[in-house]
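Number of protein chains: 2
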Amino acid sequence: MAERTEEQHAAKMKKKQAAHDRIMAARTAEKGLLIVHTGKGKGKTTAALGMVLRAIGHGKKVGVVQFVKGAMDTGEKAVFGRFPEHVEFRPMGDGFTWDTQNRAQDIASARAAWEEVRRMIADPTYDMVLADELNIVLRYEYLPLDEVLEVLRAKPADTHVIVTGRNAPAALIDMADLVTEMTLVKHPSREQGIKAQAGIEF
Amino acid sequence: MAERTEEQHAAKMKKKQAAHDRIMAARTAEKGLLIVHTGKGKGKTTAALGMVLRAIGHGKKVGVVQFVKGAMDTGEKAVFGRFPEHVEFRPMGDGFTWDTQNRAQDIASARAAWEEVRRMIADPTYDMVLADELNIVLRYEYLPLDEVLEVLRAKPADTHVIVTGRNAPAALIDMADLVTEMTLVKHPSREQGIKAQAGIEF
Numbered sequence: 001m002a003e004r005t006e007e008q009h010a011a012k013m014k015k016k017q018a019a020h021d022r023i024m025a026a027r028t029a030e031k032g033l034l035i036v037h038t039g040k041g042k043g044k045t046t047a048a049l050g051m052v053l054r055a056i057g058h059g060k061k062v063g064v065v066q067f068v069k070g071a072m073d074t075g076e077k078a079v080f081g082r083f084p085e086h087v088e089f090r091p092m093g094d095g096f097t098w099d100t101q102n103r104a105q106d107i108a109s110a111r112a113a114w115e116e117v118r119r120m121i122a123d124p125t126y127d128m129v130l131a132d133e134l135n136i137v138l139r140y141e142y143l144p145l146d147e148v149l150e151v152l153r154a155k156p157a158d159t160h161v162i163v164t165g166r167n168a169p170a171a172l173i174d175m176a177d178l179v180t181e182m183t184l185v186k187h188p189s190r191e192q193g194i195k196a197q198a199g200i201e202f
Numbered sequence: 001m002a003e004r005t006e007e008q009h010a011a012k013m014k015k016k017q018a019a020h021d022r023i024m025a026a027r028t029a030e031k032g033l034l035i036v037h038t039g040k041g042k043g044k045t046t047a048a049l050g051m052v053l054r055a056i057g058h059g060k061k062v063g064v065v066q067f068v069k070g071a072m073d074t075g076e077k078a079v080f081g082r083f084p085e086h087v088e089f090r091p092m093g094d095g096f097t098w099d100t101q102n103r104a105q106d107i108a109s110a111r112a113a114w115e116e117v118r119r120m121i122a123d124p125t126y127d128m129v130l131a132d133e134l135n136i137v138l139r140y141e142y143l144p145l146d147e148v149l150e151v152l153r154a155k156p157a158d159t160h161v162i163v164t165g166r167n168a169p170a171a172l173i174d175m176a177d178l179v180t181e182m183t184l185v186k187h188p189s190r191e192q193g194i195k196a197q198a199g200i201e202f
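Line by line, the protein sequences give chains B and V. Going by the UniProt record's numbering, 28 is the number at position 28 of the first sequence; the sequence numbering is gapless. Going by the UniProt record's numbering, 72 is the number at position 72 of the second sequence; the sequence numbering is gapless.
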């Protein structure tokens with residue numbers, strides 16, 4: 001790029017801006033999105049939390065249900081607790097399935113968490129609902145996929161719903177508006193023996 | 001899974017827990033990570049914002065420098081403004097390079113933003129520093145890559161540094177501890193003409 005003159009740069013950018021403006025002018029619709037974050041990489045839950053943060057900043061009302069995390073002290077819990085009018089935060093998990101070692105209990109927990117998600121989605125005062133790690137309980141077949149898809153299909157038109165977790169079902173991906181796969185390129189806990197750290201993993 | 005008895009399930013999960021505990025026991029180190037979020041998908045900045053949110057929740061001090069976003073009213077700005085003792089937030093961009101149409105100005109903006117990042121990284125009172133969209137200005141060669149890598153290599157051992165933006169340089173990926181590529185599976189703005197929406201894109 002160094003050999004381009006300032007005039008050439010300005011002309012090229014002007015052209016780029018015009019193209020960008022044309023594209024943006026064609027994007028006029030607003031709609032509540034069904035968003036899926038999946039894949040083996042990190043960032044599925046954190047990107048969803050970042051969306052919750054932005055929504056709070058715009059004064060919106062958000063419901064967050066965590067299917068795996070329970071009573072532990074997370075950073076998200078501490079911050080969301082400062083915005084009680086904007087976030088209803090429900091960490092409803094019992095930990096991982098290998099912690100409980102009890103399938104009936106896991107199914108009951110998944111059901112209770114799902115009923116919360118369902119209630120929030122049905123209530124049009126919520127602008128955004130995050131079902132964190134829902135894909136995990138679907139993978140274990142702790143909830144009927146058809147029932148979940150039916151609720152998502154019937155969500156209010158303006159509500160954003162975010163579903164996270166690895167192994168998102170194909171039918172959910174088909175239904176979603178925005179799907180991102182987080183791909184693991186490098187992870188320090190494996191390669192360097194680094195443990196879960198505050199501010200990063202929780 | 002339905003045909004497995006409860007006892008078999010419990011036994012399998014017990015085994016899984018033991019394996020998990022062994023792995024976790026080997027992960028004892030804590031260290032400030034160099035984290036990179038790249039790729040064409042969404043979630044690079046939002047996942048970084050989610051980490052900032054978690055760090056704030058743990059009472060840590062975070063510096064955030066945005067290389068592209070400027071004065072616009074973003075959700076992150078509104079929330080971070082509520083935590084002045086924990087987040088120093090500096091949206092220092094002029095917009096995209098096709099908005100300014102002036103390379104000298106873009107280079108000056110990139111330099112000013114980078115000096116802020118550099119100052120924050122050098123100051124050990126910051127637990128986390130986010131250089132949002134730094135990869136973009138590196139791609140345009142608005143900052144010398146060698147200089148950036150040198151500063152990152154010399155960061156305090158406990159400080160987490162997060163760099164976002166598509167097209168992360170290979171040398172940065174080599175140096176990083178944790179690298180995630182956000183892969184676009186489906187995007188509504190292209191396919192459905194949906195515009196950027198509050199709470200999602202800003």
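Misleading hints may appear alongside valid ones.
Repeated chains share a single entry, so a pair holds when one copy, or any two copies, can fit it.
[Claimed, not checked] In the DSS-like style, the derived pairs of lysine-lysine whose C-alpha atoms are separated by at most 30 Å in a straight line are:
1) 14 - 40
2) 60 - 15
3) 31 - 61
4) 69 - 186
5) 15 - 61
6) 12 - 155
7) 61 - 14
Worth flagging that the hints you see were computed from the coordinates, not collected in a lab.
The hints, checked one at a time:
no.	hint	in the structure
1	14 - 40	between (40 Å within a copy, 23 Å between copies)
2	60 - 15	neither (37 Å within a copy, 44 Å between copies)
3	31 - 61	within (16 Å within a copy, 36 Å between copies)
4	69 - 186	both (24 Å within a copy, 28 Å between copies)
5	15 - 61	neither (40 Å within a copy, 42 Å between copies)
6	12 - 155	neither (44 Å within a copy, 37 Å between copies)
7	61 - 14	neither (39 Å within a copy, 40 Å between copies)
The structure is inconsistent with the numbered hints 2, 5, 6, 7, although it conforms to all the rest.
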